[in-house]
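Trainee: Produce the entire structure from the sequences given, and follow the hints as far as they go.
Protein chains in written order, with my numbering: chain D, 1 to 169; chain Y, 1 to 169; chain W, 1 to 169; chain S, 1 to 169; chain C, 1 to 169.
If a hint is listed, it holds; no wrong ones were tucked in.
In silico BS3-like cross-links for lysine-lysine, where the CA-CA straight-line distance does not exceed 25 Å: (1) K93(W) with K144(Y); (2) K116(D) with K116(C); (3) K93(D) with K144(D).
Each pair of labels, with its calculated beta carbon distance range: (4) G118(W) with K116(D): 23 to 33 Å; (5) K116(D) with D73(C): 15 to 25 Å; (6) L129(D) with S77(C): 43 to 53 Å; (7) K49(D) with S145(C): 39 to 49 Å; (8) Q132(W) with S95(C): 27 to 37 Å; (9) Q132(Y) with N41(S): 56 to 66 Å.
No lab work stands behind these hints, which were simulated from the structure alone.
Note that the structure is a prediction, hence the values are computed from the model and not measured.
C-beta: ideal position from N, C-alpha, C; glycine also.
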Amino acid sequence: MAVKGLGQLDQQYDGTSIRVGIIHARWNKVVIDALVNGAINRLKSLGVKEENIIIETVPGSYELPWGTKRFIDSQASKNAPLDVVIPIGVLIKGSTMHFEYISDSVTKALMSLQEKVGIPVIFGLLTCLTEQQAMARAGIDESKSMHNHGEDWGAAAVEMAIKFGPRAF
Amino acid sequence: MAVKGLGQLDQQYDGTSIRVGIIHARWNKVVIDALVNGAINRLKSLGVKEENIIIETVPGSYELPWGTKRFIDSQASKNAPLDVVIPIGVLIKGSTMHFEYISDSVTKALMSLQEKVGIPVIFGLLTCLTEQQAMARAGIDESKSMHNHGEDWGAAAVEMAIKFGPRAF
Amino acid sequence: MAVKGLGQLDQQYDGTSIRVGIIHARWNKVVIDALVNGAINRLKSLGVKEENIIIETVPGSYELPWGTKRFIDSQASKNAPLDVVIPIGVLIKGSTMHFEYISDSVTKALMSLQEKVGIPVIFGLLTCLTEQQAMARAGIDESKSMHNHGEDWGAAAVEMAIKFGPRAF
Amino acid sequence: MAVKGLGQLDQQYDGTSIRVGIIHARWNKVVIDALVNGAINRLKSLGVKEENIIIETVPGSYELPWGTKRFIDSQASKNAPLDVVIPIGVLIKGSTMHFEYISDSVTKALMSLQEKVGIPVIFGLLTCLTEQQAMARAGIDESKSMHNHGEDWGAAAVEMAIKFGPRAF
Amino acid sequence: MAVKGLGQLDQQYDGTSIRVGIIHARWNKVVIDALVNGAINRLKSLGVKEENIIIETVPGSYELPWGTKRFIDSQASKNAPLDVVIPIGVLIKGSTMHFEYISDSVTKALMSLQEKVGIPVIFGLLTCLTEQQAMARAGIDESKSMHNHGEDWGAAAVEMAIKFGPRAF
Numbered sequence: 001m002a003v004k005g006l007g008q009l010d011q012q013y014d015g016t017s018i019r020v021g022i023i024h025a026r027w028n029k030v031v032i033d034a035l036v037n038g039a040i041n042r043l044k045s046l047g048v049k050e051e052n053i054i055i056e057t058v059p060g061s062y063e064l065p066w067g068t069k070r071f072i073d074s075q076a077s078k079n080a081p082l083d084v085v086i087p088i089g090v091l092i093k094g095s096t097m098h099f100e101y102i103s104d105s106v107t108k109a110l111m112s113l114q115e116k117v118g119i120p121v122i123f124g125l126l127t128c129l130t131e132q133q134a135m136a137r138a139g140i141d142e143s144k145s146m147h148n149h150g151e152d153w154g155a156a157a158v159e160m161a162i163k164f165g166p167r168a169f
Numbered sequence: 001m002a003v004k005g006l007g008q009l010d011q012q013y014d015g016t017s018i019r020v021g022i023i024h025a026r027w028n029k030v031v032i033d034a035l036v037n038g039a040i041n042r043l044k045s046l047g048v049k050e051e052n053i054i055i056e057t058v059p060g061s062y063e064l065p066w067g068t069k070r071f072i073d074s075q076a077s078k079n080a081p082l083d084v085v086i087p088i089g090v091l092i093k094g095s096t097m098h099f100e101y102i103s104d105s106v107t108k109a110l111m112s113l114q115e116k117v118g119i120p121v122i123f124g125l126l127t128c129l130t131e132q133q134a135m136a137r138a139g140i141d142e143s144k145s146m147h148n149h150g151e152d153w154g155a156a157a158v159e160m161a162i163k164f165g166p167r168a169f
Numbered sequence: 001m002a003v004k005g006l007g008q009l010d011q012q013y014d015g016t017s018i019r020v021g022i023i024h025a026r027w028n029k030v031v032i033d034a035l036v037n038g039a040i041n042r043l044k045s046l047g048v049k050e051e052n053i054i055i056e057t058v059p060g061s062y063e064l065p066w067g068t069k070r071f072i073d074s075q076a077s078k079n080a081p082l083d084v085v086i087p088i089g090v091l092i093k094g095s096t097m098h099f100e101y102i103s104d105s106v107t108k109a110l111m112s113l114q115e116k117v118g119i120p121v122i123f124g125l126l127t128c129l130t131e132q133q134a135m136a137r138a139g140i141d142e143s144k145s146m147h148n149h150g151e152d153w154g155a156a157a158v159e160m161a162i163k164f165g166p167r168a169f
Numbered sequence: 001m002a003v004k005g006l007g008q009l010d011q012q013y014d015g016t017s018i019r020v021g022i023i024h025a026r027w028n029k030v031v032i033d034a035l036v037n038g039a040i041n042r043l044k045s046l047g048v049k050e051e052n053i054i055i056e057t058v059p060g061s062y063e064l065p066w067g068t069k070r071f072i073d074s075q076a077s078k079n080a081p082l083d084v085v086i087p088i089g090v091l092i093k094g095s096t097m098h099f100e101y102i103s104d105s106v107t108k109a110l111m112s113l114q115e116k117v118g119i120p121v122i123f124g125l126l127t128c129l130t131e132q133q134a135m136a137r138a139g140i141d142e143s144k145s146m147h148n149h150g151e152d153w154g155a156a157a158v159e160m161a162i163k164f165g166p167r168a169f
Numbered sequence: 001m002a003v004k005g006l007g008q009l010d011q012q013y014d015g016t017s018i019r020v021g022i023i024h025a026r027w028n029k030v031v032i033d034a035l036v037n038g039a040i041n042r043l044k045s046l047g048v049k050e051e052n053i054i055i056e057t058v059p060g061s062y063e064l065p066w067g068t069k070r071f072i073d074s075q076a077s078k079n080a081p082l083d084v085v086i087p088i089g090v091l092i093k094g095s096t097m098h099f100e101y102i103s104d105s106v107t108k109a110l111m112s113l114q115e116k117v118g119i120p121v122i123f124g125l126l127t128c129l130t131e132q133q134a135m136a137r138a139g140i141d142e143s144k145s146m147h148n149h150g151e152d153w154g155a156a157a158v159e160m161a162i163k164f165g166p167r168a169f
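Mentor: Here is the structure:
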């Protein structure tokens, strides 16, 4: 029995009216690019319009929480508020403890950001022990062993915006 | 001497007047379904009416805290406020550190959610190292080695709502 | 030289005018009961009146922080505010990671609860790797290898209430 | 090249006008006493007047954050506000996980206390794996292998009070 | 394929109008000095004026969050508000658990500081297991095995100030 399986969407969602922000770190660019593309493709397949997908970047993953906060503020200040945001970063274990402290603090800061900004924040952070793991989760390892996780984030963004976004009820 | 034992209810509770939300992730669906059913069955056995058990879902466990917050808000906006909520998710250790960071951040976010929403949040998150452990705690491993933990959550929900819910005093 | 030693009270305290709440989980009941009794005995030996020791329970340790919050609110709503509270729970390591996530989140939630409720919260949580360790710290293992830690909690409660409680200055 | 070295004061500080609180746990008293004395000696050597060093105690390290909060409040209520506080505790690893959960929660609670009380909180907590490590850091192991860390805390207190205390600017 | 690679700036930035604070601990001075110089050099190369780079210090890394908070307040009180701040510290694993608790609490406190002060806080904390690792990341080990990470922090500061600083929009 396959217990551990990909969650499927619970219904068909129509993303034509939602506005989605993607903000990504620029370290480990090959993996990041694949993940961002995966997210965009899934967003579009669920009806999100290209002009409603806004892309921004920060230097590294530690900058994601504050960058996401200000990215949301910035869009709102232009009268183009986001319904949901997907911060994307790829952390890979190195020889110091940098990986652990960054992964932990960024994960928690993104979680708690939601109540401050009032929109869903999708967790697009890979916390990998090897480069191979990161490539696999972006769907770009040689054997194509896994699907592109950016696709999951795109689907989650549409669902969360429609169910629980600022205009949901 | 059996030290480690299941806590029993301290008194008989009558759940006929309480309204319970269940919000569950959709990853690891087989286990999730069993846990949700276990919770529902126990709620009903303690008098909670079927129409007062509201079910909602989110894609994965990371979405539980914000989803729970908005699910509660949504029910309140319909003049049908919840007395207690049971977020349910099943996390299983994989090869990256995803399991650890999600488990930790979700556990703490659900804990701190209580003071923000003012109702008890029952901890329905399994943090398992293997699929086998998850199935056992849902009462669906082959040897039926453990009871369905969803039942505990249903009982805890009724007790916490009646003792410490928003209408308790 | 014995470095690691039990802290003694720094002065004699008179608990006759303070009101103490004890709220305990019901899992691992044998150990819990011994700890609760140890705390009560010490409270009484420091002058706390039996009618000023209020006992409440929650299903498990995860319910302690919210239960403690509402227990305090409930007593205040009856014009019988508590000066200090002792949440008591016994967590024992199992095969999943449940122990770690619960222990960590409950410890921090009880710590931060103090500033929200304005009274001292004594840390009555045992985080043990084995049942044997739990029994020893409740003073009920066969060899009576350790003293009942509930006694320390009772003493700490009286001291903290008198020095730093809501009526201390 | 000696990389890991004690930080020196960046300038001479004159502590004659500042008021310093020391609040210490009472477990592991031999080590605590040495650390408290080390801190006091350094404070005096930087000009802090004896009558401006206020000593208070709590039972154990878990009580430090709330005790420190209320100690500060108490001094302020007497029109004798503190400019800086040094909570001191000694935690030594035992057989349960008590050490880990206490160390972590106390460290973070003392850190976040600063923004609530508006004065610097110096970190006087030793988190040792053995008694030997604790004695060494208090300057009282047989071989006098290390200096008394209480001295560092005294120096840090004076610097932080003068640079960043409530009366600094 | 080189996955794990240094993130490059996404565009050319002009730092001539921004004001940058650097606040560093003084432990492990050789490494700290190299990192601070690396940051300053990169700031200047991106146009930041020397008179707009303000340097401050604290005793150790635990003092960084509160010191950073008050450093920002102090500059604002002089009508010379900072646009971004770079706290710099070097933590090296020792025999007790001091490294772990300090690293974790400082990382999280710096992260959450951003929403309190409203300016970006760049993460200039090295959390190394050996002195060798620290020297390598400051570009001062014998083999010059890595670049000076202070340079990354300088670049991140300019980008974050211009994109997401208090005067960005």
